[in-house]
Amino acid sequence: MLALTSLLDRAGAASLNPLAPKSPPLRARAKSVIWIFTNGGPSQVDTWDYKPELAKRDGQPLEGFDTKTGFFPASVGPLMKSPFEWQQHGKSGTWTSGLFPHLSQHVDKMAFIHSCWTQSNNHSPALFMINTGQTRMGYPCVGSWVTYGLGSTSDSLPAFVVMSDPKNRGLPKGTALNWGAGFLPSVYQGTWLRPQGEPIDNLRRLSNLNDERQRAQLDLLAKLNRASLGDSAVESELSARIESFELAYRMQTAAPEAFDVSKEPEHVKKLYGLDQPHCAHIASQCMMARRMVERGVRFVQIYSGGMENQQSWDCHADLVGNHTGFASETDQPVAALLADLEQRGLLKDTLVVWGGEFGRLPVSQKGGKPGRDHNPHAFTVWLAGGGVKGGFHYGETDEIGHKAVVDRVGVHDLHATLLHALGLDHEKLTFKFQGLDQRLTGVEKSRVVQEVFA
Amino acid sequence: MKVRQTSSFLSAVLAAAAGAAPVPPDHAERMTKGLVIFQKEIAPLLKEHCVKCHGGEKTKADLDLVTREGLLKGGADGVDVVPFSAAESKVMKMLRHEEEPHMPEKKPRLPDAAIAKFAEWIDAGAPYSEPLIEGRKPARDRSVVTAEDRQWWAFQPLAKVAVPSARVSVLSAQSKQPHLSTTRWATSTNPIDAFLAVKAAEKKLALAAPADAATLVRRAFLTIHGVPPTPEQIAAFEKDFAVNPQSAMAKLADELLASPRYGERWARHWLDVARFAESSGFEHDYDREGAFHFRDFVIKALNSDMPYDQFVRWQLAGDEFAPGDPLALTATGFLGAGVFPTQITANEVERTRYDAMDDMLSTTSSAFLGLTVGCARCHDHKYDPIPTRDYYRMLSTFTTTTRSVIDLDLDSEKNAPKLREWMVLREPLAADLAKHEKELHGKFDDWLTSGAEMPKGATWSVLTMSDTKSKAGATFTRLDDGSYLAGGTNGGEDTYTFTAKTPLRRITGLRLDALAHPSMKKGGPGRADNGNFALSKIRVFAKAASGGEETEVKLAKAVADFEQNKASLSIASSLDDNPKTGWAVDPQFGKDHSAVFTFAQPVDFEGGATLRVVLEFAVNRQHNIGRPRLSVIVDVEPRVGGETLPAAVVAAFDALQKKNALNEKQRVALFDWWKRRDVGWRALDAKLAAHDAKRPVNTTKVLVCAEGYKPLVMHSQGANFFEETFVLKRGNTELKDGVATQSFLQVLMPSADATQQWLWKPQPGAQYSGRRRSLANWITDVEHGAGALAARVIVNRVWQHHFGRGLVATPNDFGRTGTLPSNPELLDWLAGELIRGGWKLKPLHKLIMTSAAWQQSSARDAAKEAADPANDTFSRRVPQRLEGEALRDSMLAVSGVLDATMFGPGTKDERSKRRSIYFTIKRSQLIGSMVAFDLPEPLVSQGARPTTTVAPQALMLMNGPQVHEWAEAFAARMETETGDDARIARAYLIALGRAPRAQEAESARAFVAAQTASYTAEGKPNAAHLALADFAQVIFGLNDFAYAQ
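Read top to bottom, the protein sequences are chains A and B.
Taking the working numbering, the leading residue of the first sequence gets 1, the next gets one more, and so forth.
Taking the working numbering, the leading residue of the second sequence gets 455, the next gets one more, and so forth.
This is chain B alone, in the form it adopts within the complex:
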């Protein structure tokens, strides 16, 4: 569970109490002495007067004195014993009856001698030789995962189980219950039935008789599509069923699973698990643009039978697994679907970020692993082997993960014709350019042989660093344009030192580019929270490339393209010695900036120079340049602007000057630069570029939760995220305990240091870190990671929505506080089957639906209810009430007004006739009729909905304006028949899949007649129609309509 944040005041007190008291230098000696006192005097005293209430029969005030760990940990009222200091130990005052509560409670004070012994023992460190109650182990240190922890069933590899020989098991059951030989129980070849038979036989139970065809087809439709079958669909199935029940069921399963209705029905189950909503919650509950695409992703994934392991991977890291695939990016909406405050005060910024990451981690672990990892945020998990350290190491997966709204082409086929047309037009333009370029090669060779000369004038040569240093520990990644992207620590007041060799002589100035990059806040170019930087000082040192003494280069002048002001944040102030003034660029964020520095004397060494540039950022905290690039210029007066020669071109010129042959790379770089100086080439290139700019696009805004995109910003008085995730004590951001490096749950790893095998690193410069992909690798690794558990969890969810209850009844908790699997062999076999079948869910559905277990009748069996009240054996079928969505969709369907439009933006309008899954989920404005029927609040992952029966549900069915409208439409469908009897029969068939019983028909007929008379008496012209509508509404209220038998 999530424990509330303690105030920092309280935490500080607790931390102080929990912190180790100072240990005296002679502690070992004292402890030895203390042990003797313990054995002789203290243990008997504790046993006689204390332990009964504190750790024995009771644990009053949460104080457990059975072990030393318990004693030192203290109780609800704090720590009573400070080892090595009786004077500071509160317990002494209680023993002396100087302070409440007096101890022993409600009993006379202990003799002075005994109290003195206590003081002596505490001064000796209060050692224990053994626990005071036999067999009690010292209190468990839950920060370490033990071999015993690993024994928990859910952490085991999948058992290699063979399908039991059903016939043998059935026979043993049969011998007690002879009538079973007539059921399909004995003839089933479905392995599910064999596994269930074994468990049922243990309770001397067997499966119920099979349901009839009409029940089965209705059950199948309601389960897979969430609407009842039409009379035609019923008839078709009954016909097949008469020929061969088993193949009829198989065919029905195939047909239902092939329909897009399947994804629409089952996606809703996953959306509960994913705590999906389309608004941020909290104070303003802003709508999240493009959030509904995640719902469409789930529908599409289910309908295309996307392998479940891929389904997991994409939701966690679709961008890292399939960078170009819009659907994969859309899947990451999973991480971003949680709540997030829209107004964050300065002292809440950091905690809010930890809350957001906690939401991602808790949902991930509940959804995929059925584990309550979130419980370990403030303390080691009390029940499961999940230490707090594991929590934070796993949490660091999401350090730089943020919500973003990006443009994606989700329907490339729609755009395809336009794109083809554009491609056709592009071809001749590209061909012209290629042809011209080919011709230029000859001229280029001529130019080379005629002694190619480096252009004079304002041409900047980019420096390639031989060394990059950061005082605060930032790391630098060289990008293709010669800039260096800073990563890692964004130190308080960093200093960068860049060293480069250049072959150039007569260097007259240096240019510093501060370049933007999407990975930075506000796009940079600085690493501060607002995208700014502040360069307090720049110093340049030079020496001959061949070596020698280094001297400082005096900077005569500095000019920048933009400066925040003309005084303390100007470019000129980066030359002075005041560390609190320097070059900054607020508010021009997300743009490239540059400054040029004129050398007082040109730097000129034969054979080139080694330049060392020192950039200091002391004006403001964390205001470091995020992507610097350095270039130099020769001969001319440096100016802002001008051409920039890539380093490779400079190297090529240098080679030419030295009469060296160009290597291929230099040649390509030089030609690429040279061709751009040709007027003809430039004209053709411009034409092509103009056409390229007109590339037809078909993009839509999609909410993703990934890295490197512009984060969605709220009204925050601070950063959107931090570069590092720390281990926190008691979940308190004030109590940091070192940086958390990524890892996973030890208990689901072969060893605590096995992390490396799942870690994945992208190419340098990639916009993502690879951490989420690493997590997904671990979750789906069946051999060494958490894959076996992940398979069990999803198999259980599928089972649950077929039978109303999982094989594990707590679908989101497979830990110690959850329930044990009722049939572990079956669960493991199904999980194995899922994996062997390539993680596909549709075959699993079919396997379940073709089992005798699924096809049992739901007729009541009181004896069985008594023998197996919870139906752990699944040897009977319990009717299931439809969820609000399915009930509403069913009313729409039988009324004939259901609008089958799939996908796209949802609506909050209850008058919509689309399926309920297309309702917009806005947290503060949940759809009333869905909430009345137990739609969970989309706040945390929900594995199972409660089924409540309350008056607002009835009110909706009695007085809901939509229900009335649908009832009238349903009445119109009845009116295609003639006469009340035929109409009533039609209504029963459409809505309930059966004919009315004689008694039902009679009551209905009497009702319709009476209502017609009543309306007629009022002079209503359409009395018969209104009466039928009233009857239709009664049908909607029938238990038989709302329950799948």
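If we strip away everything but chain A, and leave its shape as in the complex, we get:
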């Protein structure tokens, strides 16, 4: 009943509730985002960027190559062809490597941007760049900007949720700064779900309090707080505080319910691969993501992989082993996510993003089992749902996949495009800080990749 007579009308009190839903200024194709963050930097030439010329030049040195491009200048080997089998799929005839048997069935839902490039060849700055638009730490990330711009349509769940690797392989470098709110109010920061144990702090009632007794506490609290409300100069702040206890009370039940995938039907669990040990963790996270989006959560990020090297897609050594492993962890669950969203009619409103912080070099990184070193000059990101064109390819790398050359898309362009999908204008979504109207895409001109939208 308090919720009904709420002093904080969700639609009407935007000035008080920073998370009240706001209607997007432009036409919104998508309402929510699920970003499968392939942490560590997957290799474009071994996943989605088909390069027959690279196969032809396998074993040849790359003339004029700047050995400082990657992280290990002393381990630069010759050009190395993709060790995976490539085939065409879908009506679009999209070439994919054999790493993704399940996702390959969905290429006609995906818009590939093959010409992404970034500023840094080092994980931490590149992670900050792809997440916040700055190579330095401490700026608001995309998810924070989106929740700042659009608020949340859920009144009992966090607006922006991040899930990380639950297999004890660490966190992406820079950890929480990748989902931090920077100079935006902290209410917009991502809520990181602890991969083990209680996912959110203080969500569970302690010791003696049962629901009835806690309800009695909150009723007394509201009564006492409300009694001194009318004559206060900060009435609105105090009202918001009263309401925040009610929201917290609802979250106690709503959040565990949203996170609980156990009640999903068996065929859905099977679809995601929850019964397959190698991918059960991502299956569970993808199902949770779908459940959250259904319940109004705005932005969800799922990190595939932990920290660096063999803990993530960071294949300095053993490209085959590394990519086969991480692809098989994600392939079936992410494919199921696309199918499930589509089947529920949610895909048109949900933008699914697949990509990491940079790409890999076409030359090998020498070693017993060769790998590939970091490459800031080219990587592929694909988008699905949220009004994008399916089976569409934008931009090109050079013939060996070393550098983006045609229709280059910088990280700011990519960010502008994501905001655009949500109906936000990257030039107008600003926040005053240090005297300036700050924005996600910085001061230089960026471009929305309009071409990817249907």
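Hints listed in this document are in silico derivations from the structure and should not be mistaken for laboratory results.
Source: prediction; values computed, not measured.
Hints are supplied without guarantee of correctness; some may be wrong.
[Stated by the list, open to error] Computed list of lysine to any residue pairs in SDA-like fashion (alpha-carbon distance at most 25 Å, straight line): (1) B:K514 <-> A:R27; (2) A:K432 <-> B:D726; (3) B:K1190 <-> A:T67; (4) B:K1034 <-> A:A74.
Take the given structure of chain A and dock chain B to it, following the hints.
Quick look at chain B alone, frame taken from chain A:
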């Protein structure tokens, strides 16, 4: 703001575009012709077709055609006009509709004749005779600071303001609002009230009625200590207040400010400003050993009421102002508190160093000056008169400043008894040595008269140079041991030429020492990034000291104490002619090394020789010896090792040989050398040395950010710092524009060339450069430097934390994008008062707390809210929510479990019962309960925290395990009373400083009864206690508990 780094590719394109096009030799002539075309044809065309969208009503594509500067600068899509070349000008294609976008946009193409005129005009240099819109000045060149810039209020000297006559102002307000005569507004003698009265009267407003004693004492405690007063403290104040409110407030202020709790509360405000944390951030977020000492420094400085100007100086340059003072060194933790990457690739090394210096400069200028100097990193500041050049000149202050962890004795008193005992034991040993030495003087005289002779054998005589040269521009400073410390440029492949005169004859060899020094990377002895050097060639030339022809001395043999290998980096290879081989010492860094060179023939000139030694370092870039010393030996075969005779001793022997009398310096030097040959002296000296080695120490690791200590090293593929700071174009390390020499913000200097008056140079050989002290001198110079602004900024911060809002509402931005002071006279008067009072903050607090303005009631006044929504007049009091730290500390305090232990290492354990300021600030693991309550990310200086109200705060108060624990402890305190009514009343008094109202008491009683019944029904033996704990938790959630009224 910090603009992202452009990729070098993009910058190169921009630089090319921005670079001046070649100017033809006949440009003056052409421009004159062009002006005529402009006036007659082009100006009307531009006005009719172009300017409306480009600089008039709109500025599409950021292209402003109103002035020539705008035209040449181009727009978002680059430069459209290349003066003197229509062919290269993109605009021609747009005009001809050959290229998108066609111009004029969505309109028919211009006539061919008009397009031809454009081409003609551009070929003539595209001159303008005047801006196309009247009154528009040509675009401002922001690299020059103008007289107009200096007019901005924040750059003015402090206004000499007299305190207004409050009574007159009040009366005028009173005439409109008669009830005010009953308030203390009219009787206050506090100057703050007088200043506020003037501004309030302008809006026909006056101060609110004073708050009651209970409110005031609670407000004072929460503001100054961050915890509520105890019932006893409330009672004591109320008693005083009944007698004399004004003196009661003064006494309360004194008491609160004298308590160490004051420093603990207010240090947190400064730590936000100082972006303080105890880890490095970025990928690994390593803990910083000894970083917490900076937090303790701030607490100590506040509690001892350290003058604020000293507080500034020490944080910037404590090591340079007070070299021996451990606390002063600790203060430099301020500079080092920023983030720093822990993994740096080769192509990020230089940019990373500029980032680190930017962090120091941006924080310094935000914290002390309220200026966003960091904005000028990539371009002249868009709003404030801060040219990029000023930024880099100021940035060069920090060229050689690095983080280091050093051992300091921060608590010398603790060590004092042991030290005294040690001193007592030392005395007889020192006396024995002194006595023996005294006796030796007689023997020394005998030795002199018996014809003292220079010792034969392996004795090296140090050379004193008459000339030192470096091809690359290194400078050399002679140190006491006769070595030469290289400074300045560390050239790519340097060559040193050292020239010295020596009285010695029959010189058989030369020794080259390459000595370590803490100022070098890895301690040297080389200047390369890893501490190495590589001597590709050594050549020696000699001539008679009296003159004559110089000949090269052939070097027969070379031996070193250590060589990197036996081949290309051996000592022998320093004799060959291959410039890519030579003597190097990897990995033996941080140690002294020496090499001796045997002359094929002794150098022997009557009257001594002039030796010229040439050292070439061509093996590897920047592999130059950092601290060379040269010595020679006579008669015997040179060997590594042996005794080294200081130059003064050699000179003394020379004088004796020439039968000259010794001067005092020579005599002292000679005795000092001679006494060491005495067996008895050596035995006593050894005893003393052994005792000295046992000097009791009580040191702790402290993070400092200074110069000359071993820098903290990260996983870097390059140097920790560079010898020079350059002016960068667009912030890009690839686009260097000359070396930046130290200076400060022109706009806060009497003239651009006034830098010298603040520059301070330490003694040669000092481990610091004096640059940070110079900066601090300027910042705290009220007369000619930035001191007036610095005083305004700190006064404003103090005001802000008393009233919830500063007189300038943007505490970190006093520039044009900040807000104007709501009461500039008051701000200037307070700043002046601070300075006149010796920069002490406690009197300022007291002045504020004893004002009627501070003591106003916070009762709502809707009319006033309407008349002055932002409360610019401060004519009402707005309740303030406690920060997370104060809220937590308050819960601990009222529960009676607060652990008052001060200082020392912090903790990340939320179960800690110490004050929240002692939480360890680790960037990747910030304390959850503090973050929920708006603890800022410690990344950049934060002048004001946001106050958010979100569900995680409520969740913590509802379900936080610590909150439950404290609630139980609070319940136990209530249980000292008997009966629910008394217990509830006690709880209200302890937590809220008042009795419950009837309605509150009734609701509470009903709640406790119901919860007790509920627990009893469940068979809990301690049902009443659990019910009280549930009630205690409700109290923690009350708005009245979380807000200072």
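Results of checking the hints against the structure:
Pair hint K514 of chain B plus R27 of chain A holds up; C-alpha atoms about 23 Å apart against a cutoff of 25 Å. At roughly 19 Å between alpha-carbon atoms, K432 of chain A and D726 of chain B fall within 25 Å of each other, so this suggested pair holds. Annotation: proposed proximity of K1190 of chain B to T67 of chain A holds, straight-line Cα distance about 24 Å (limit 25 Å). Simply put, K1034 of chain B and A74 of chain A have alpha-carbon atoms about 22 Å apart, close enough for the 25 Å limit, and the pair holds.
Checked against the numbered hints above, the structure breaks none of them.
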